[in-house]
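Protein chains: 2
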Amino acid sequence: MWKELLYMSGYHIAVVGATGAVGQQMLKTLEDENFPISQLTLLSSERSAGKKVIFKGEEHVVKAAAPQSFEGVQIALFSAGGSVSKELASEAVNRGAIVVDNTSAFRMDKNVPLVVPEVNEHALKEHNGIIANPNCSTIQMVVALEPVRKAFGLNKIIVSTYQAVSGAGAAAIEELKSQARAILDEKEFTPEILPVGSDKKHYQIAFNAIPQIDKFEENGFTFEEMKMINETKKIMEYDELHVAATCVRLPVVTGHSESVYIEIDNGDATVEDIRALLKEAPGVVLQDNPEEQLYPMPADAVGSNDVYVGRIRKDLDRPNGFHLWIVSDNLLKGAAWNSVQIAQSLVKLQLV
Amino acid sequence: MWKELLYMSGYHIAVVGATGAVGQQMLKTLEDENFPISQLTLLSSERSAGKKVIFKGEEHVVKAAAPQSFEGVQIALFSAGGSVSKELASEAVNRGAIVVDNTSAFRMDKNVPLVVPEVNEHALKEHNGIIANPNCSTIQMVVALEPVRKAFGLNKIIVSTYQAVSGAGAAAIEELKSQARAILDEKEFTPEILPVGSDKKHYQIAFNAIPQIDKFEENGFTFEEMKMINETKKIMEYDELHVAATCVRLPVVTGHSESVYIEIDNGDATVEDIRALLKEAPGVVLQDNPEEQLYPMPADAVGSNDVYVGRIRKDLDRPNGFHLWIVSDNLLKGAAWNSVQIAQSLVKLQLV
Numbered sequence: 001m002w003k004e005l006l007y008m009s010g011y012h013i014a015v016v017g018a019t020g021a022v023g024q025q026m027l028k029t030l031e032d033e034n035f036p037i038s039q040l041t042l043l044s045s046e047r048s049a050g051k052k053v054i055f056k057g058e059e060h061v062v063k064a065a066a067p068q069s070f071e072g073v074q075i076a077l078f079s080a081g082g083s084v085s086k087e088l089a090s091e092a093v094n095r096g097a098i099v100v101d102n103t104s105a106f107r108m109d110k111n112v113p114l115v116v117p118e119v120n121e122h123a124l125k126e127h128n129g130i131i132a133n134p135n136c137s138t139i140q141m142v143v144a145l146e147p148v149r150k151a152f153g154l155n156k157i158i159v160s161t162y163q164a165v166s167g168a169g170a171a172a173i174e175e176l177k178s179q180a181r182a183i184l185d186e187k188e189f190t191p192e193i194l195p196v197g198s199d200k201k202h203y204q205i206a207f208n209a210i211p212q213i214d215k216f217e218e219n220g221f222t223f224e225e226m227k228m229i230n231e232t233k234k235i236m237e238y239d240e241l242h243v244a245a246t247c248v249r250l251p252v253v254t255g256h257s258e259s260v261y262i263e264i265d266n267g268d269a270t271v272e273d274i275r276a277l278l279k280e281a282p283g284v285v286l287q288d289n290p291e292e293q294l295y296p297m298p299a300d301a302v303g304s305n306d307v308y309v310g311r312i313r314k315d316l317d318r319p320n321g322f323h324l325w326i327v328s329d330n331l332l333k334g335a336a337w338n339s340v341q342i343a344q345s346l347v348k349l350q351l352v
Numbered sequence: 001m002w003k004e005l006l007y008m009s010g011y012h013i014a015v016v017g018a019t020g021a022v023g024q025q026m027l028k029t030l031e032d033e034n035f036p037i038s039q040l041t042l043l044s045s046e047r048s049a050g051k052k053v054i055f056k057g058e059e060h061v062v063k064a065a066a067p068q069s070f071e072g073v074q075i076a077l078f079s080a081g082g083s084v085s086k087e088l089a090s091e092a093v094n095r096g097a098i099v100v101d102n103t104s105a106f107r108m109d110k111n112v113p114l115v116v117p118e119v120n121e122h123a124l125k126e127h128n129g130i131i132a133n134p135n136c137s138t139i140q141m142v143v144a145l146e147p148v149r150k151a152f153g154l155n156k157i158i159v160s161t162y163q164a165v166s167g168a169g170a171a172a173i174e175e176l177k178s179q180a181r182a183i184l185d186e187k188e189f190t191p192e193i194l195p196v197g198s199d200k201k202h203y204q205i206a207f208n209a210i211p212q213i214d215k216f217e218e219n220g221f222t223f224e225e226m227k228m229i230n231e232t233k234k235i236m237e238y239d240e241l242h243v244a245a246t247c248v249r250l251p252v253v254t255g256h257s258e259s260v261y262i263e264i265d266n267g268d269a270t271v272e273d274i275r276a277l278l279k280e281a282p283g284v285v286l287q288d289n290p291e292e293q294l295y296p297m298p299a300d301a302v303g304s305n306d307v308y309v310g311r312i313r314k315d316l317d318r319p320n321g322f323h324l325w326i327v328s329d330n331l332l333k334g335a336a337w338n339s340v341q342i343a344q345s346l347v348k349l350q351l352v
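Protein chains in written order, with UniProt numbering: chain G, 1 to 352; chain B, 1 to 352.
Identical copies look the same in the list; a pair holds intra-copy or inter-copy alike.
Heads up, simulated DSS-like pairs for lysine-lysine below, C-alpha to C-alpha not over 30 Å straight-line:
#, residue 1, residue 2
1, Lys51, Lys177
2, Lys201, Lys177
3, Lys279, Lys201
4, Lys314, Lys110
5, Lys150, Lys233
6, Lys279, Lys200
7, Lys110, Lys150
8, Lys314, Lys150
The set of hints was computed from the structure by calculation and includes no laboratory data. Only a predicted model underlies this, so the values are computations on that prediction, with no experimental measurement involved.
Okay, chain G solo, but in the shape it has when bound (with noise of 0.2 Å):
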């Protein structure tokens, strides 16, 4: 279907963020779309203006974002920070750009929708120039569980995640990396990134688990965890689901997985329901059978858009009550991917 649109002569598309983990990925997966465009504009912080770049052969020199760079711009990818994003968004719309955002900034404002185009790609049309692009963790749990919801509806969410450390940005990677090298070389290091950059401490990520992604709110959970549950129920369009979350930071590269239970309304479901549901379900792949021990892993999951679902089973108390094991690419579903993909629907809707 998408390949169809390629009749069209091209979008002159902005990637802010070009020299980031994700803005890579984004890169990559326009180029791997072979995304129509006609213009291609990079942009970066002041910090990394003057990178090169290659896209489909050719060098491109990113610049230093600022209001007039979005002068032309029809959409604009964004991913680099928070503050960026507050800083430049309404920049770029008042210049006539879409903005899909990739940051938390715009995520829970009720004039933007935030959307996963497997779930709510109607969520679109209701744009005024900004569309906020979820969390990781958030994306690919919704994928999952939005099929079930649909088919038998879906009450309660309880997730506990199992998160890469990419999420954190390239610098956390080496972080990992070094410090893995380190201990199995059984030399000295000074945990100086995760769990959270700007943070007060810093804690060892290799051969550990660190119980905060994001810094505390006042209630106790994290904000990822808050992000995970609030981001939920406004994709979902469902303010009384009981959603709730634990998120961890993991010593694995890339690829978050989540444990999560749930419980549906129908409690004649069964796994096979489930599977059959799952296995037809836009971006989610079934790896689920135990005689064969096939089950998601992130390190499987690398490098493909799709989302993962396995371990399917019936909670042995509850008969309404299912737990599932999803994992997917936190740079790609979580990220790149599903920017992307909100760009391929605004062009298949003739939003922009």
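Mind docking chain B on chain G? Use the hints.
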């Protein structure tokens, strides 16, 4: 209190599996605790027989375990695998020993007490020669939750685990380390042990997460998950308790973590109530101060006998729902220390 018992001349103790990861920790714990030992018999499989082990500065030669090895033994600590326990535990009992068995061989046997001294020390009085030491991931959870159950009632537990490879033995530790090094050096490697040495397929553990610990049961849960479910009910003497578990192996050497959701009977209980309770609970160390980024982590728990609890939050939807993060050294409280504690309790209760 324990020190007061040192006036006794001591007991003839056997350690079966003395050269293994847990056996070594048992010996260290017996030494650290200054357990009153008049004679020490160190036993192993044929394969490890002849190895030398130092205990309190003295060299002991490990012998191949046989029925007659248990002549005169008063307490035999078994940790050499289920098949060794099944073969030799009754031989030891027939010769007058009390067996403290760290395998899963007898845990669900109705005639065998399954004991965590902080929770159900009294069950030791019903022993018929064999006492079972619970599964590592079960022990730390019940130590943290029993005080909550006693004070506020408990009707539901949903746990997702983050388990270290040392639970799968010394070879699994070696596999994690050599794999991590191979990946950092961009070299090839072949998984041979994890998730389960005797299962069909083996997967990468370094920089990955494997949602399988022990083999799969027919109901889609793994044996490890069923251990947590069934053992928790038995130790808490509470068959009606709803328990569900998802067990995941991580690239962590030692230290199991657990993300636990509970529903208690008393919806008026506050986070401060739970904290106050756990601050005074036997075997528990409260590490819960979000403002100071204080929470338990496996890297910090290694080498300690305690169970660490933090990230205590009231569920945002259910007033009787709480979330906790529980961490402990799986080789100590999860195995060696709990076994030695049982031996101490046997002495204290004059059962030996």
